[in-house]
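Asker: Sequence lines, in order, name chains A and B.
With the numbering used here, the residue at position 419 of the first sequence is 1535, and numbering never jumps.
With the numbering used here, the residue at position 219 of the second sequence is 424, and numbering never jumps.
Just so you know, these hints were derived from the structure itself, not from any lab.
Just so it is clear, CB atoms sit at the ideal spot from N, CA and C, and this is done for glycine as well.
Errors might be hidden in some of the hints.
Pairwise CB distance ranges, derived in the manner of DEER restraints [what the hints assert, rightly or not]:
#, chain 1, residue 1, chain 2, residue 2, range
1, A, Arg1496, B, Arg491, 49 to 57 Å
2, A, Arg1496, B, Thr574, 44 to 52 Å
3, A, Phe1468, B, Asp259, 53 to 61 Å
4, B, Asp259, A, Gly1354, 55 to 63 Å
5, A, Ser1248, B, Gly256, 50 to 58 Å
6, B, Arg504, A, Trp1511, 28 to 36 Å
Which stretches of chain A does chain B cover? Using the computed rule of at least three CB atoms under 8 Å from a CB of chain B, they are [said to hold, decoys possible]:
#, stretch
7, 1146-1160
8, 1363-1377
9, 1386-1399
10, 1498-1508
Not close to chain B: a few residues of chain A, all C-beta gaps over 12 Å, as computed [said to hold, decoys possible]:
#, residue
11, Ala1119
12, Phe1181
13, Asp1298
14, Gly1303
15, Leu1339
16, Phe1463
17, Ala1476
Spelled out from the first residue to the last, the chains are:
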Amino acid sequence: MSADAVVVGAGLAGLTAGVRLAEAGLRTTLVGKGPGAMHLAPATIDVLGYAPDLVERPAAALPSFVAERPDHPYARLSADTVAASAEWLSAHMPPLAYVGTLEENYLLPTAVGVPKPSAFVPEAMAAGDLRSGSRFAFAGLRALKDFYPALLADNLSQAKLPTGVTVDARAVHLSDPGTEADVSPLGYARMFEDREFRSVVAAELLPRLEPGESVGFPSVLGLHEHRTTWLDLQDRLGRPVFEVPTLPPSVAGIRLFHALRDAFLAAGGRLLIGSTAAGAETKDGVVTHVVIQTAAARPTPIEARWFVLATGGFAEGAIFLDSYGEVHESVFGLAVSGVPAAGEPRFVPRYFDDQPMGRAGIAVDERLRPLDADGNVAFRNLFTAGAALGGAEPWRELSGNGLALASGFAVASAIVEWAS
Amino acid sequence: MDTMEWVRGSLDHCVKCTICETFCPVSNVTPLFPGPKYVGPQLERFRTDDGSPDASLDYCSGCGICTTVCPQGVKIAEINSQARAKMKAQRGIPLRDRIIARPSAMGKVGTPLAPIANFFLKNHAFRWLVERTLRVHRKAPMPLFAGRTFQSWARRHPPLTPATKAIVYFHGCSANHFEPRVAQMAVAVLEHNGYRVIVPRQDCCGLPLQSNGLFDDARRYVRKLARNLEPYARRGYDIVATSTSCGLMLKREAREILELEDDEDLRTVSAHMFDICEFLLSLHERGALRTDFRPLDMRVPYHAPCQQQGHGIGKPALELFGLIPGLEVVDSDVACCGVAGTYGLKTEKYDIAMEVGAPLFRQVTAVATEVAACDSETCRWQITRATGIPSVHPVELLYRAYGLS
Chain A
1117 MSADAVVVGA GLAGLTAGVR LAEAGLRTTL VGKGPGAMHL APATIDVLGY
1167 APDLVERPAA ALPSFVAERP DHPYARLSAD TVAASAEWLS AHMPPLAYVG
1217 TLEENYLLPT AVGVPKPSAF VPEAMAAGDL RSGSRFAFAG LRALKDFYPA
1267 LLADNLSQAK LPTGVTVDAR AVHLSDPGTE ADVSPLGYAR MFEDREFRSV
1317 VAAELLPRLE PGESVGFPSV LGLHEHRTTW LDLQDRLGRP VFEVPTLPPS
1367 VAGIRLFHAL RDAFLAAGGR LLIGSTAAGA ETKDGVVTHV VIQTAAARPT
1417 PIEARWFVLA TGGFAEGAIF LDSYGEVHES VFGLAVSGVP AAGEPRFVPR
1467 YFDDQPMGRA GIAVDERLRP LDADGNVAFR NLFTAGAALG GAEPWRELSG
1517 NGLALASGFA VASAIVEWAS
Chain B
206 MDTMEWVRGS LDHCVKCTIC ETFCPVSNVT PLFPGPKYVG PQLERFRTDD
256 GSPDASLDYC SGCGICTTVC PQGVKIAEIN SQARAKMKAQ RGIPLRDRII
306 ARPSAMGKVG TPLAPIANFF LKNHAFRWLV ERTLRVHRKA PMPLFAGRTF
356 QSWARRHPPL TPATKAIVYF HGCSANHFEP RVAQMAVAVL EHNGYRVIVP
406 RQDCCGLPLQ SNGLFDDARR YVRKLARNLE PYARRGYDIV ATSTSCGLML
456 KREAREILEL EDDEDLRTVS AHMFDICEFL LSLHERGALR TDFRPLDMRV
506 PYHAPCQQQG HGIGKPALEL FGLIPGLEVV DSDVACCGVA GTYGLKTEKY
556 DIAMEVGAPL FRQVTAVATE VAACDSETCR WQITRATGIP SVHPVELLYR
606 AYGLS
């Protein structure tokens, strides 16, 4: 097989790069073992939430954040790039717009009632901004086991917001129609696309709401017909309605995946899901092929001029620790930086403590090209995006989707510039 | 490590992310199947030699989409196929499953009696009787016998001369007994591109037996087939298949599900096996595919079957269609037509299969001006039966556009 550009990885970083490359007219192949973490995570674009204290204004916090952390991927990505990537995403998501700016973070409730800072959020989540001082009612659906509005509301009522605002939240449990004991978020998303179902839910809920309350639903308000489903429910209830991200599967994340996948295919991209990138061929400091393993018992090389590594980090198996304590990158055999020296502790006993291995990943140059162990560019035509990048702790900083989107956006810019 | 160990052992990579469950076409339409993660990596831990604690496993259609989308590489569909075979062996395999799993045996009986056999297959009373006695749904799609096998046509077909290149064609049971035209068109398209087409003697690949839990018989068939094809593969010939699911059986499924990883014949054949669209597109990428296509002015819905997606090669048919002037193709984003080989024929599963396929049938009906295109025979029959719209193999559109008809 051959292409102009090959992207490895079908998460937010890889698909962002893939869509931009294909739309720039490059013959682009995207190889993914499976869809990435979009199916699991809230679809919010969290740029910087904690540094280490709660960040209210990411644009203002970023300069000192990167000054203190010169190896952080944000040190290679300007705030303009981050903002441009979010704008790009919003333009690619109609009718599912993103709202927000880099100037301030929303504080949205999680499913367990923790206020979570996010810079760019799906339109249907925005009314859940806890800073607004609104009164909130959280609706629980009978057969959605993983969403307990009482826990959510109780935790929120005790939360301390930076502005000193306290949250007025309560739970409403619905006994929606149906007999199944256990319905997944996706099952509910399909049910909510049915007008009749929405009318039954609204009829039960409406008399139980108090004046001035906004209503939070688990993020199950439609899959393919999301916007009309959400707006219709808002009409029926006559007040702001918003979604709260659920535990996996994340319907909001699946919508994001669908939008990017469809944009990639519409731009003529070639999508290979279910194959594994097993290695690469290189020559004189340049990658010539990525070798993939399809169903047949033979390696399939894909020749290209540019390559993007967007396979993720430890959680995705893209970076792994072997039984000799060596850390490896699975496709190109790249050097992994930030790994504690032999004999030094790699992990500490308490899970949430600062883990020595926590920032391990691929070190990159200004154009996000991987560096070798000596700090030189490993391959001139190989770029890295997303969770493979070293120097970050996305789960602690709340920076995962922000990094994935901005780095996927940036590597595509670098390649498109080179190609022209 | 033997195959069983690493197929089953792959369940340790499951992080319970639920991505397979969001894609499973069966659990998304019926509560009778609780989903691939639940039935696979989770329940497998509770299965002992005494059997499976839960019979819902039988409602897995074996479409394999869970394995295709698993980002951690868990062999979910393979684990479930093996567990189902064990469960069926313990609880007894119905006579029906033993019959519908043998298309080549049916073909051998039906071909010489084609007019009579077809009369009965089209007869409502007969189909009702079959439903009552064997529990094969009276409305399920059943192919008709062609009367003359592709093998007998191929034996009399003069080889292309002069030819500098040669290729081996694996036609499968369906093209041999039910749709020899598909095979003849594949030969014509390959010959048009300068290939001498070699058609070795061949029997069933064992896939329907495997799907119905008859693993020992499936192994016998697939080993024999691999033995017949291996001498060509060893000499460097590529092998192309028009039946995408049987091609996948030879590429990967038999090695993993039937634990035949150590069968050298099968491994050699797998290394040389191509889906025909995959092969033709690879020719095009090397500049070796003839592109003297005439315009085909029609709008065609294309469905890449679940088993085609299991090849991990994307959708090469779509890119080939792009070379044909005038042809407008609408790619179906539906993962499965529901029939999954023999699943949708079974009375107790027929309604589920139809519901799985419903979004596809709606798309096909809305888009098609003349025909639908699909790489798998059983899916084509299902689409046609459900929509009344003729469904063709992608190779037929190439054949028409080359002006070979």
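Asker: Against each hint, give a clear statement of whether it holds in the structure.
Answerer: Here is what the structure says about each hint:
About 26 Å separates the C-beta atoms of A/Arg1496 and B/Arg491, a value inconsistent with the hinted range of 49 to 57 Å. Look at A/Arg1496 against B/Thr574: about 49 Å separates their beta carbons, and that is inside 44 to 52 Å. Taking the beta carbon of each, A/Phe1468 and B/Asp259 are about 37 Å apart, not inside 53 to 61 Å as hinted. Judged by the Cβ atoms, the range 55 to 63 Å given for B/Asp259 and A/Gly1354 is violated: they are separated by roughly 46 Å.
At roughly 57 Å, the beta carbons of A/Ser1248 and B/Gly256 sit within the given window of 50 to 58 Å. The given range of 28 to 36 Å is broken by B/Arg504 and A/Trp1511, whose C-beta atoms sit roughly 48 Å from each other. Counting residues of the stretch 1146-1160 of chain A whose CB falls under 8 Å from any CB of chain B gives 7; the rule of at least 3 is met. Look at the stretch 1363-1377 of chain A against chain B: 3 of its residues bring a Cβ nearer than 8 Å to a Cβ of that chain, three or more, so the hint holds.
With 7 residues having a beta carbon nearer than 8 Å to a beta carbon of chain B, the stretch 1386-1399 of chain A meets the requirement of three or more and the stated coverage holds. With 0 residues having a Cβ less than 8 Å from any Cβ of chain B, the stretch 1498-1508 of chain A misses the three-residue criterion, and the hint is violated. A cut-off of 12 Å between C-beta atoms contradicts the statement that A/Ala1119 is not in contact with chain B; the least separation is 10 Å. The claim that A/Phe1181 lies off the interface holds: its Cβ sits roughly 30 Å from the closest Cβ of chain B, which is beyond the 12 Å cut-off.
The non-interface label for A/Asp1298 is inconsistent with chain B: the shortest C-beta to C-beta separation is roughly 8 Å, within 12 Å. A cut-off of 12 Å between C-beta atoms contradicts the statement that A/Gly1303 is not in contact with chain B; the least separation is 8 Å. Distance check on A/Leu1339: its Cβ comes as close as 10 Å (rounded) to a Cβ of chain B, failing to clear the 12 Å threshold; non-interface status is violated. Separation of A/Phe1463 from chain B is adequate, the least Cβ-Cβ distance of about 19 Å exceeding the 12 Å criterion.
Taking the minimum C-beta to C-beta distance to chain B, about 19 Å, the non-interface status of A/Ala1476 holds against the 12 Å cut.
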